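There are 2 protein chains.
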Amino acid sequence: MSSSRLGMERSTGAVSTPGALPYYVAFSQLLGLTMVAMTGAWLGLYRGGIAWDSTLQFNVHPLCMVIGLIFLQGDALLVYRVFRNEAKRTTKVLHGLLHVFAFIIALVGLVAVFDYHKKKDYADLYSLHSWCGILVFVLYFVQWIVGFSFFLFPGASFSLRSRYRPQHIFFGATIFLLSVGTALLGLKEALLFKLGAKYNTFEPEGVLANMLGLLLVCFSVVVLYILTRAEWKRPSQAEEQALSMDFKTLTEGDSPSSQ
Amino acid sequence: MSSSRLGMERSTGAVSTPGALPYYVAFSQLLGLTMVAMTGAWLGLYRGGIAWDSTLQFNVHPLCMVIGLIFLQGDALLVYRVFRNEAKRTTKVLHGLLHVFAFIIALVGLVAVFDYHKKKDYADLYSLHSWCGILVFVLYFVQWIVGFSFFLFPGASFSLRSRYRPQHIFFGATIFLLSVGTALLGLKEALLFKLGAKYNTFEPEGVLANMLGLLLVCFSVVVLYILTRAEWKRPSQAEEQALSMDFKTLTEGDSPSSQ
Chain A
1 MSSSRLGMER STGAVSTPGA LPYYVAFSQL LGLTMVAMTG AWLGLYRGGI
51 AWDSTLQFNV HPLCMVIGLI FLQGDALLVY RVFRNEAKRT TKVLHGLLHV
101 FAFIIALVGL VAVFDYHKKK DYADLYSLHS WCGILVFVLY FVQWIVGFSF
151 FLFPGASFSL RSRYRPQHIF FGATIFLLSV GTALLGLKEA LLFKLGAKYN
201 TFEPEGVLAN MLGLLLVCFS VVVLYILTRA EWKRPSQAEE QALSMDFKTL
251 TEGDSPSSQ
Chain B
1 MSSSRLGMER STGAVSTPGA LPYYVAFSQL LGLTMVAMTG AWLGLYRGGI
51 AWDSTLQFNV HPLCMVIGLI FLQGDALLVY RVFRNEAKRT TKVLHGLLHV
101 FAFIIALVGL VAVFDYHKKK DYADLYSLHS WCGILVFVLY FVQWIVGFSF
151 FLFPGASFSL RSRYRPQHIF FGATIFLLSV GTALLGLKEA LLFKLGAKYN
201 TFEPEGVLAN MLGLLLVCFS VVVLYILTRA EWKRPSQAEE QALSMDFKTL
251 TEGDSPSSQ
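These protein sequence lines are chains A and B, in that order. One point on numbering: in full-length UniProt numbering, the residue at position 119 of the first sequence is 119, and numbering is uninterrupted. One point on numbering: in full-length UniProt numbering, the residue at position 173 of the second sequence is 173, and numbering is uninterrupted.
Misleading hints may appear alongside valid ones.
Since copy identity is lost for identical chains, a pair holds within one copy or between any two.
Simulated crosslink set (DSSO-like; lysine-lysine; CA at most 30 Å straight-line) [stated by the list, open to error]:
id, residue 1, residue 2
1, Lys233, Lys88
2, Lys88, Lys118
3, Lys194, Lys118
4, Lys233, Lys119
5, Lys88, Lys120
6, Lys198, Lys92
7, Lys120, Lys92
8, Lys118, Lys198
Derived by calculation from the structure, the hints in this document are not laboratory data. Just so we're clear, the structure is a prediction, and the values are computed from it rather than from any experiment.
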């Protein structure tokens, strides 16, 4: 029984460099870079550019969030697909590091907006965008800490990791999608505050920002597609396969559900 | 090999009524009904209620969209988890029917807003909310037609269905999430148009609408969690298992990838 199962996994392992994957990854990066460039173009053309010590400080916020919480966070999720044949440990460290960079950049974006509100004496945390944003931030931090303790810190057992892994993946994807949703709300807020009733006259800024919004949606859909396509999942390495084999045999052997 | 594989699937089939699933489904329905009730409360308390032949016609739009494109669409996705032990054909028909109801209700909501704009001489389709909304509508319609032709119309072969199924599931979940994102944008738009600068004074309407937004997010996260949890997926029925067995044996036998 164990040998036939090994045979099955080997046949799954045979599709280990799916032909279309690199094209989808390249497409996601093209969308991601265009999205960052378009955010810069929007802020540069219609919002006076970026600075820390003036009213332009607000503009640091959208740029940092798009780079950190959308582009880098998305890429951190893709690491296990892109480096699917590298050692698992290296891939894990890269995944963790990309999330650290994303978090730091997002933190700068967060400080920028709170600092700007303080200087202008604006109220904080009243809008749906801000509520979702704080939720994303807290969840992202908790997910990183819990992920680190389970997967990078050496203590956790194999069975504990196996049980936590699906939760980590689900919440990772959820936090990413929530980040995109929050960005769309922020974009809409920025447009309506400035354009107001002029929004419905197809002002160039409104059209550009709408296109940026659609681009954020497209990037997240492509990232999610790459992540969820079953044949593109990372093949288990030989040593992990052996471990997983033993674990399965062990649990199935004395499981009450196998009857 | 074939008998051991059958054994494996049987052991997966043994977890066919996971203990926690009904609680999660009940929780999703509680969230869903609260979300619909809160939309009604928002429109009733702060927007003058609902009617077809006055300025209140606009209010038909958010209510129909929350009921159709969020609550019913979400429930249509859950049908395969809730009725996991019923005949597949019955479940399919129910899935298709729920989507038809969702689509018709959403269509009423769409007509309401276009008709309202026409009466008021407002511009159409200028906002990010409207662009996303039209995208959702077109995708939803195409997904239904394609889904119907592959899965309910008797023509499509087993192998064609197997290849299309993962795409149908991915795009179904994507359209659902895009609907939720679009609703959040619409909610924000409705708030900013009416409250404007008063939004930052924590007006009761603003707080209620923010909570409604978070509720939409929570409903979609719970639906997605139920959908994606691997052990909660629908077990294959005996006759489908047999078919799938034959199909696997057939393709693996002469597949060039098995080497």
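Evaluated hints:
1. Lys233 x Lys88: both (13 Å within a copy, 28 Å between copies)
2. Lys88 x Lys118: neither (45 Å within a copy, 59 Å between copies)
3. Lys194 x Lys118: both (20 Å within a copy, 25 Å between copies)
4. Lys233 x Lys119: neither (48 Å within a copy, 52 Å between copies)
5. Lys88 x Lys120: neither (48 Å within a copy, 60 Å between copies)
6. Lys198 x Lys92: Result: close neither inside a copy nor across copies, 48 Å intra and 47 Å inter.
7. Lys120 x Lys92: Close neither inside one copy (42 Å) nor across copies (56 Å); limit 30 Å.
8. Lys118 x Lys198: Answer is both: 28 Å inside a copy and 18 Å across each meet the 30 Å cutoff.
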